[in-house]
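Number of protein chains: 2
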Amino acid sequence: MTSRESLDRLFEYLRFPSISTQPEHSADVRACAAWLSDFLNGIGLAAGVHESGGHPIVLARNSHRADRRTVLLYGHYDVQPVDPMELWTSAPFDPVIRDGLIAARGATDNKGQTFAHLCGIASALEDGGELPVNLVVLIEGEEEIGSPSLPAFLESNREQLACDVVVISDTGMLGPGVPTLTYGLRGIAALEIEVRGPAIDLHSGIFGGAIANPITALARMLATLHDDHGAILVPGFCDAVRPIQAWEREAWAGLGHDAELLRVSGAPALAGETGFTPTERIWARPTIEINGIGGGYQGEGTKTVLPACAFAKLTCRLVPDQNPDTALDLLEAHLRRVSPEGVTITLTRGHSGAAYLADPHSGFGPAAQRALQRTFGGTVALIREGGSIPIVQSFLEILGVPTLLLGLALPDCNAHSPNETFPVENFGAGQRLNRVLLGEIANA
Amino acid sequence: MTSRESLDRLFEYLRFPSISTQPEHSADVRACAAWLSDFLNGIGLAAGVHESGGHPIVLARNSHRADRRTVLLYGHYDVQPVDPMELWTSAPFDPVIRDGLIAARGATDNKGQTFAHLCGIASALEDGGELPVNLVVLIEGEEEIGSPSLPAFLESNREQLACDVVVISDTGMLGPGVPTLTYGLRGIAALEIEVRGPAIDLHSGIFGGAIANPITALARMLATLHDDHGAILVPGFCDAVRPIQAWEREAWAGLGHDAELLRVSGAPALAGETGFTPTERIWARPTIEINGIGGGYQGEGTKTVLPACAFAKLTCRLVPDQNPDTALDLLEAHLRRVSPEGVTITLTRGHSGAAYLADPHSGFGPAAQRALQRTFGGTVALIREGGSIPIVQSFLEILGVPTLLLGLALPDCNAHSPNETFPVENFGAGQRLNRVLLGEIANA
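Order-wise, the sequence lines are chains A and B.
Counted from 1, the first sequence has number 392 at position 392 by the working numbering; the numbering is strictly sequential.
Counted from 1, the second sequence has number 821 at position 377 by the working numbering; the numbering is strictly sequential.
Calculated directly from the structure, the hints in this document are not laboratory data.
Please note: incorrect hints may appear among the correct ones.
Chain A regions said to be covered by chain B (calculated; three or more residues, Cβ under 8 angstroms) [claimed, not checked]:
#1 16-27
#2 72-86
#3 183-192
#4 200-212
#5 290-296
#6 372-379
#7 420-434
Sample of chain A residues with no beta-carbon within 12 angstroms of chain B, all distances over it, derived [as the list claims (entries may be wrong)]:
#8 F11
#9 D38
#10 D67
#11 D99
#12 G146
#13 N157
#14 R249
#15 P286
#16 E332
#17 R336
#18 A358
#19 G363
Facing chain A, a subset of chain B residues (Cβ under 10 angstroms, in silico) [as the list claims (entries may be wrong)]:
#20 P461
#21 S464
#22 Q524
#23 E588
#24 R630
#25 A715
#26 G719
#27 W727
#28 G807
#29 P810
#30 H860
All figures in this text were calculated on a predicted structure; none of them were measured in a lab.
Here a beta-carbon is modelled for each residue, glycine too, at the ideal position from N, C-alpha and C.
Turn these sequences into a full structure, and let the hints steer you where they fit.
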């Protein structure tokens, strides 16, 4: 497979608007799965599309032999929504290469990263070649909505999915060319708040002053989540948080990650919880983030209403040893406690998943570090990440195996944002990494 | 003009989607003005459409005589936006009669109320009849956006618009059949807040914890506007508020308005500033109301972004003797003082206008009360209102004349809300009221 061919096939893959959270795209999600299964069959694996109850799961495998280690390569073919559309320089599902970057929704998260591995495998299998390991490829379509169907699928297919280690490229590199092993992830827990007041939007002159305003009520509730210094004020929420280890604080301080955060974000300043560095806040501290808010009149000009309702969408990022259900219990209890009179609130839980943490100095950690070193050169950065891949915890609990997180994304790849990109260079590096990694795991 | 004819013509008037705040409707606004001018010419007045710099103003007059009082009848032909559309039982610009109610956007605010007067005038002029007063009709197209062009128009046309008193039906009756004279209105001052953080929406896992969230920042700012008991906390904001007079407190307490407020609003409970009755809060206390809020992802499901920006649309209702500019100065200073680090805020002022208060026991007040008593019977309720008609203060300052506010709307007419209505009965009563009122003013 030439590099031109691998890019052409990636572009085909990126053209599917496989947005898992939007029901109007469910046919696109399904079409993407079918295309992916065809591709995997085409490179010499035995592949198929499997129903999961939600969006389908694509599975593929080579011929397994009892004397080889088994590696499960995991990825996801679903993507985030694309709005605000007007901020995209090129159409999100019409991939282009711009300044050495592949630009499209899913370019980095996660089609591009996973597809680099698949092209590495394709090259190894070309001309009758063989892999050094037994391979299981599992690519799901519900990662961006919290993988609701995958745990049950793992439970039902334990034997078929039995393996020694899981490999995932769905995280980031610390910077261009810096080999990076991620040994920890934050968990997630989603909650939507709806605040209702009057039966309909009222005239703010005729009623204002005597009827509680749902937006005001919501703002006052949201303002109780943190103190003035960014610390979470929800009682009990942080009780289970595991302290950062001394070696981690020291290692992270030398990475220069704080300056990079400020540069990439474009924010006027870094902010957050007093007593922790910005990197520590992201990698090892929980958050309660408001992802969206809405209520009343949002159009041009003024509309003098006292609105009937308002809502906010929250996601918490969790760290070891917070339990997602407990975190949501505490958050819900707090919100009910601070909800003012004159309104009614409805709390609806979304997806959730626990944080993950593995010792990078044991198990397959050293093999992964050798593969990264051989691919990129230099010193391997050992990091945690602030994002969540809840399924990593499921692999540990259900299949009993650890996960190697070998990220290929860069901090400015705009995952989840307009103008998502993935460097052509990283796409090539990922193909090389796959080949040396499977070898290192085979020999570890 | 039969009652069937007057309803038919009103329906024609209501069919124009003359939404002044939405630029895409500016041709509709203009078409509505032209229709109205044609109608006024048709009933025997000399009418025309006049440019104002914004949406046009419709003027009409009868032949004036030096020995008669001059009455200026004011109204507005523009209407509020219609969203949320899905809550309308019938299309907002396709008027229907349902259970004795005319249902359409503008039915009560203000096309229906003004048109009742115009039909009263039409009847008086039919078959060569004459009015007992010199009449000036002034109907503008910018009331719902704060009448930005009208003060300059009044200044430029003082002589043509010279009069003894202004008559407006753009307020409410206390209840069905209760004759009501409104002697006070609240003022208004609009402000939009925009909070910007990162340059683009960021991944809330990769960045969350170290970058200030603009929605959180906005919620925290909005939560500082009031205390736990509904009192405004903006320093100095309430300093100029004139106390409620003893006779007003007494008169209002007997009106049964509080129970009506709760019933009509559909809210779970009344709320607001401690130390005042709900009626006092609306008629004589200022508010800072959040009319709309938006930011981040508002679609279905979850999108784990740390958003680039958030905004809120605020309007303050003001009472005598608050100055709108001073109120906005104080509010802006407060918001800048409480805006957190890590975000930048932009404050944009909208329209504003001062409150109005006139003694109902002097001037043309008694004549108006006699006309109301003759039309409806019973005891005339003397009330203030929470809404704003800033132009009333302009009539006082520029033309030097007081305004009689003779409302025909009912509390459940859904002004500014979906399913706006106007009782057919009140439409008829307004026509009768016009005829007796002009007589009472002529003889006062």
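Here is what the structure says about each hint:
Using a Cβ-Cβ cut-off of 8 angstroms, 3 residues of the segment 16-27 of chain A lie near chain B, which meets the minimum of three, so the contact claim holds. Coverage of the segment 72-86 of chain A by chain B holds in this model, with 4 residues showing a Cβ closer than 8 angstroms to a Cβ of that chain against a need of three. Residues of the segment 183-192 of chain A lying with their CB closer than 8 angstroms to a CB of chain B number 3, which satisfies the three-residue condition for coverage. Using a Cβ-Cβ cut-off of 8 angstroms, 13 residues of the segment 200-212 of chain A lie near chain B, which meets the minimum of three, so the contact claim holds.
Residues of the segment 290-296 of chain A lying with their CB closer than 8 angstroms to a CB of chain B number 7, which satisfies the three-residue condition for coverage. Only when three residues or more bring their CB closer than 8 angstroms to a CB of chain B does the claim for the segment 372-379 of chain A stand; here the count is 0, and the claim is violated. Requiring three or more residues with a Cβ within less than 8 angstroms of a Cβ of chain B, the coverage given for the segment 420-434 of chain A is violated, as only 0 such residues are present. Every beta carbon of chain B lies more than 12 angstroms from that of F11 (chain A), the smallest distance being close to 23 angstroms; the non-interface claim holds.
Listed as a non-interface residue, D38 (chain A) keeps its Cβ farther than 12 angstroms from every Cβ of chain B; the least gap is roughly 28 angstroms. Taking the minimum C-beta to C-beta distance to chain B, about 40 angstroms, the non-interface status of D67 (chain A) holds against the 12 angstroms cut. Here D99 (chain A) stays apart from chain B, with its beta-carbon at least about 17 angstroms from theirs, past the 12 angstroms limit. Not every beta carbon of chain B lies more than 12 angstroms from that of G146 (chain A), the smallest distance being close to 8 angstroms; the non-interface claim is violated.
Non-interface status of N157 (chain A) relative to chain B is upheld: no Cβ of that chain comes within 12 angstroms, the nearest being about 26 angstroms off. For R249 (chain A), the condition that its CB be more than 12 angstroms from all CB atoms of chain B holds, with the nearest at approximately 15 angstroms. Not every CB of chain B lies more than 12 angstroms from the CB of P286 (chain A), the least distance being 8 angstroms, so the non-interface label is violated. With a minimum CB-CB distance of about 17 angstroms to chain B, E332 (chain A) clears the 12 angstroms threshold, and the non-interface call stands.
Remark: the non-interface label on R336 (chain A) is consistent with the geometry, its nearest Cβ contact in chain B lying 15 angstroms away (cut-off 12 angstroms). For A358 (chain A), the condition that its CB be more than 12 angstroms from all CB atoms of chain B holds, with the nearest at approximately 18 angstroms. Every C-beta of chain B lies more than 12 angstroms from that of G363 (chain A), the closest at about 24 angstroms, which supports listing it as non-interface. Given the 10 angstroms rule on beta carbons, the hint for P461 (chain B) is violated: about 14 angstroms separates it from the nearest Cβ of chain A.
Annotation: S464 (chain B) was flagged as interfacial toward chain A, and the flag holds, the nearest CB pair being 8 angstroms apart, inside 10 angstroms. For Q524 (chain B), the suggested interface contact is upheld, since its CB lies about 6 angstroms from the closest CB of chain A, less than 10 angstroms. Interface hint status for E588 (chain B): upheld, as the beta-carbon distance to the closest one in chain A is roughly 8 angstroms, under 10 angstroms. For R630 (chain B), the suggested interface contact is upheld, since its CB lies about 6 angstroms from the closest CB of chain A, less than 10 angstroms.
Restraint check, A715 (chain B) versus chain A: the minimum CB separation of about 3 angstroms is within 10 angstroms; hint holds. The restraint placing G719 (chain B) at the interface with chain A is violated, with a minimum CB-CB distance near 12 angstroms, outside the 10 angstroms limit. Contact between W727 (chain B) and chain A, as hinted, is supported at the beta carbon level, the nearest pair being about 9 angstroms apart and thus within 10 angstroms. Checking G807 (chain B) against chain A: minimum C-beta separation of about 24 angstroms lies over 10 angstroms; hint violated.
Because the closest C-beta pair between P810 (chain B) and chain A is about 26 angstroms apart, greater than 10 angstroms, the hint is violated. With its C-beta approaching chain A no nearer than about 4 angstroms, H860 (chain B) sits inside the 10 angstroms limit, and its interface hint holds.
The structure does not agree with the numbered hints 6, 7, 12, 15, 20, 26, 28 and 29 stated previously, though it agrees with the rest.
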